[in-house]
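Engineer: As a plain string of letters, each chain reads:
Number of protein chains: 2
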Amino acid sequence: MGGNVYFGPTFEDTQAAAVHKIEAQMSLPVIVPVPEDAGGGYTHEKHKENARLIYNAGQLYTLTGKEKYADFAAGMMGAYADVYPGWGIHPARKEQSPGRMFWQNLNESWWLVHVSQAYGAVRDTLSDAQKDHIEQNLLRNMANFLSVESPETFDRIHNHGTWATAAVGMTGYAIGDRDYSEKALLGLDKSGESGFLKQLDELFSPDGYYHEGPYYQRYALMPFVLFARAVSQNEPERAIFRYRDGILEKAIYAVIHQNYAGLFFPINDAIKDKSIATTELLHGVSIAYELTGDPELLSIAEAQGKFALTPEGRAVSDALKSGKSKPFSYRSMRLTDGAQGDQGALDILRASRDPDGLAVVAKNTSQGLGHGHFDKLGILIYDAGREVLRDYGAARFLNVEAKYGGHYLPENNAYAKQTVAHNALVVDSRSHFNADVKTGNKNAPEPGAFEVSDDLIITSASIDTVYAGVSLSRTVAIVKDATFPEPIIIDLVKAHAGAAHSYDLPFHYNGHPVNTNLDVQADPVSRIPLGTDNGYQYLWKVAETDIVEGLSQVTWMLDRKFYTVTTLAPDDSKVVFFQIGANDPNFNLRNEPGFMLRATADRGVVFASVFEPHGEYNPVVEYTLNSYSRVSNVTHFNDGNVDFIRVATVDGDEIGLGVAEDMAPDMAHVITVDGREKSWIGPYHLFHSKSYRSGDR
Amino acid sequence: MGGNVYFGPTFEDTQAAAVHKIEAQMSLPVIVPVPEDAGGGYTHEKHKENARLIYNAGQLYTLTGKEKYADFAAGMMGAYADVYPGWGIHPARKEQSPGRMFWQNLNESWWLVHVSQAYGAVRDTLSDAQKDHIEQNLLRNMANFLSVESPETFDRIHNHGTWATAAVGMTGYAIGDRDYSEKALLGLDKSGESGFLKQLDELFSPDGYYHEGPYYQRYALMPFVLFARAVSQNEPERAIFRYRDGILEKAIYAVIHQNYAGLFFPINDAIKDKSIATTELLHGVSIAYELTGDPELLSIAEAQGKFALTPEGRAVSDALKSGKSKPFSYRSMRLTDGAQGDQGALDILRASRDPDGLAVVAKNTSQGLGHGHFDKLGILIYDAGREVLRDYGAARFLNVEAKYGGHYLPENNAYAKQTVAHNALVVDSRSHFNADVKTGNKNAPEPGAFEVSDDLIITSASIDTVYAGVSLSRTVAIVKDATFPEPIIIDLVKAHAGAAHSYDLPFHYNGHPVNTNLDVQADPVSRIPLGTDNGYQYLWKVAETDIVEGLSQVTWMLDRKFYTVTTLAPDDSKVVFFQIGANDPNFNLRNEPGFMLRATADRGVVFASVFEPHGEYNPVVEYTLNSYSRVSNVTHFNDGNVDFIRVATVDGDEIGLGVAEDMAPDMAHVITVDGREKSWIGPYHLFHSKSYRSGDR
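Protein sequences appear in the order of chains A and B. Sequential numbering of the first sequence, starting at 1, is according to the working numbering. Sequential numbering of the second sequence, starting at 1, is according to the working numbering.
Here chain A stands alone, though its shape is the one from the complex (with noise of 0.2 Å):
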């Protein structure tokens, strides 16, 4: 342990630019606004603003000792004392669980979490008058608000009802009044059927997963966390850490598995520029680091660049300034959803530890609720630290009131969320559950085996709700062999129907198109929308072609590499080239391209693809290096129940990949390819190549 030189950011550059900060405000006026705005605006920042300052002010008492913070805090605590009682209902109430000093309840349960703390950390320096007023006619009387008056946001297992109990609970930690956190923990009739212990119990997955994704995840790990510190510390006979197996722990951890380049994975509603260093996972890592001292902790610590202005953030620093940090594990794994671990997988696939290196998401999880999207068995890839393969994230300028004030856009239900804006097959031309929240609650996917081998990181998973009558499945591995320079990815997308269907399945990708084995030709002088619902009108259509022989092959370049997707369709299918922007007056879409497979087919479908990272477009020492794509066919066979994609190279080499639906580890198969029978144990199997069992490279 030890030895390496630490030159990062430490604690103390934290603490010097919250001191900064601090001092600068003390000699200033004590502003708290009327409420007025909606997120975004004025008066939303503000108090958010004022809370911060009241939380650092308080730290920095606890970490310094010096008073003249807690009376800072304590006079703009006093501030608020004077006139919250007054408020009512905020004026630009959102629709569902408004608030009062903000539009919406969840981002007062945010306020009071920061104060509350505060609160508890200077208490002891103020007289009873103002322990009295602050106590009275804030603490309590938001945390009532929060409470008793708003059941249908504290007793709800869900994010905002953990802020809620989170805010209430600390509350009363800070007062010292155990009526409120043990409703906070055990609901508000104490019964645990609902409150924070039952939220731990059905919010997470076994795996600490959290079913609405990593970016509510990430937010919805600060109450947990700082809630949990604080029961640990007040009621540490609970031994809330080690509840349910260590479930926070495991949560801390899953968020941090779920980033690339340091961006959480953008699915569901999720704002795409979410990184590891939000202030919520600040506090998720340090916490971490003080229950396991996990020196690959610090390496995300390091990556984040900033610390919890607390003492564990203190103490992640000391560490990381003793050379203690080893680099974080990324690593290939399964995300079971659903409180019991069955409501269907994230499935991460990751190429090495590298975290800018190749790396797949199979999105195989349940609905997620709300803020869900409609895109089962879609993927994301990722490579050299970009996205290759992307999702659109959310329709959502969060916190730009000029933008819809700072909501959800109307386009985030009607483009956002529908199938089609995902890299996942749409039937017919209709979203998946017909785009319905609670049919998509009710069914998740069925996961297949996930295997991890040097040479073959591969999972399924299969969902038959989706569309009445046609039942799909989606097998995705990334695959090393010594005749592609760089690991490829093999992707089997298959439907099973009794009738005729239409069948899209598109490929959002990032980059500028190169080269293509089509003969396509964008339309010259005319746009029109590729349709008019289920989110195909928000789609511009660019160009359609027919595919080449049963094979369409798209290369784009991207930074400084070169990608190819190279799909085996049926004989008559098209290519269908997008752009998003149509339908848009408001200019609320990014205007982001894509392409679609498009077939129409009797009895199911089968598209089977293989995506290529290579070569390399150096503009700095000029020159390119193989910017073709290195296959030259794919090929898919069944036979029953099993699958063989052969996947050729251009000069004569190939490699298979054989796939059983009877996912037995020990159950024996074999399929005919070509007059030559394939046979293996097991789900997987990759035929490697010549070059590969030759030791060419």
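There's no promise every hint is true.
To be verified - Here are some of the chain B residues that sit facing chain A, going by a computed Cβ distance under 7 Å:
id : residue
1  : Ala277
2  : Lys403
3  : Gly405
4  : Val525
5  : Arg527
6  : Asp584
7  : Phe587
8  : Thr624
9  : Asn626
10 : Ser627
I should point out that these hints are in silico values taken from the structure, not numbers from a laboratory. As the structure is a computational prediction, the values presented were derived from the model and not from experiment. C-beta: ideal position from N, C-alpha, C; glycine also.
Got chain A sorted already, so can you dock chain B onto it with the hints?
Structural biologist: Leaving out everything else, chain B in the frame of chain A:
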């Protein structure tokens, strides 16, 4: 001097990488393919790679004294000498000036520049038979081909000519035949009417600006500095680095100043991802450092992160390690254009020394020959490390064979060079000079005064030869005043005409529109091209709307900030939003957005704009500040030869900018603005706000 601790890459890293690469090659057979492919193809890249290996082997021999490197270089050169005499003109010969090893003569010069240096380095280790073979069959053969057999290139005052003269001259020194170097310095007839010295006289302006712009300047620089170093070593009496008042040193500094965030200004034909780490500038910086010892060059070397594999490169690295580096003094400057400095100028306006701060490039240069664009008085704006108002650069995928063989695409002439592809005024929907290069080359803008003070950085230029009967002028200024938290830009575009014309002023913004005063709706279901020629045919018409009370205000978001451009235009102007990509069947263009002010006027037009960087969008900590513009109005006053622009803010403050047509520094001017006289002396004056004068901020 000294004292900075340096942890960056070192020369030893560069050398170790070269050793690693060479050693890996030394056990492999030498492959010298028969010339076949165009740029980006296999044989093209292989010959380039071989030249780099030969060059590096020669340098490593010099640096380490290990004979194995000399032997390796000699072996490869011998292999080339075996086959070169048998090669005729390249089968994929480019339109003009074909090569034999490469499709164009230019690449052949590049190859010989490298290989001749290696030969010079290892010559003493060779047997007479080896020398004879390599000199006769390779070096002299190639040098003859590039000189007497290609007089149209060799004697041309052009960067291709510089590459050819450098290759031939350096070969002359390497083999000890001064006839070659004399011809290289003075032209084939040794009269001095052509050749390297004449190129030094004519290709750079007195300020070291290269008339084709920084992209080609960077490229042209390499043969200039390498040949000059060879001249200096072999004929020190020529004092080549003092030639023309040290023009080469000026040229190196000029090219460094022409970058933003590490990337060269993409004016004229330019690949936009070309950075200061380009190999040419590694040599440029190391040679300039040897000449000057300027510690500011070391910070450029540090940003480059790599070193020339030469003793000079090692010296730069050693100086960095000893802590001598100082930040490079980026500053506002005028770089005159033309051999005599009378062909316009490139004006660089920087709000601060921060290389990532607000900057404006005013392109008031000459045409720049065949790679020039028709964008007289065009501007580019940068802020926060990003392009804010951008230039398309060249339509070309350099070295990507699948994209038109890596050549300039047809869309380069048809779109990228056209005026509408730039932030420049278009009259009657026609490009400047009717897109005729010859006419363009004959007519440069007339620069006005260029002034830099603490709160005002400003330049003007005018030209009356772009359109018959229309004279154009533009004044652009960075203004600092306390009523704006950040510097803003004021941009005054004027046309004088005796007849009715239409005027389009495009702004190619980078980002996502979030707010506007316009009642604008993008057409939801249709796109048609904006025109049929002059580049308009490549623009989809996205929306068209009337301006509101003579004012157009559009705010967009880019990364973490907001940018608003508020433009005063004639009352009946339209604003047309567009997106690049119409008439692009082969997906050759990037689909970037823009909008243009569009007016028709009888006797000229005025567009007065304010560009305002503002606010902060922070998705990590989730807040947004100042997302709305502070500009409430822009008003223009004119009195004969004097203009006044008044910018009013939302809180009732205002600033004013006075601009006189007469650029004499001591001339007094007065103009009546809403009944009040505004007077000043000299071409420009900034009238500050009340906030500024009261020291409010």
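Engineer: A separate judgement is required for each hint: does it hold in the structure or not?
Structural biologist: Outcome of the hint check:
no.: 1; hint: Ala277; in the structure: 5 Å, holds
no.: 2; hint: Lys403; in the structure: 5 Å, holds
no.: 3; hint: Gly405; in the structure: 11 Å, violated
no.: 4; hint: Val525; in the structure: 6 Å, holds
no.: 5; hint: Arg527; in the structure: 4 Å, holds
no.: 6; hint: Asp584; in the structure: 6 Å, holds
no.: 7; hint: Phe587; in the structure: 4 Å, holds
no.: 8; hint: Thr624; in the structure: 4 Å, holds
no.: 9; hint: Asn626; in the structure: 10 Å, violated
no.: 10; hint: Ser627; in the structure: 6 Å, holds
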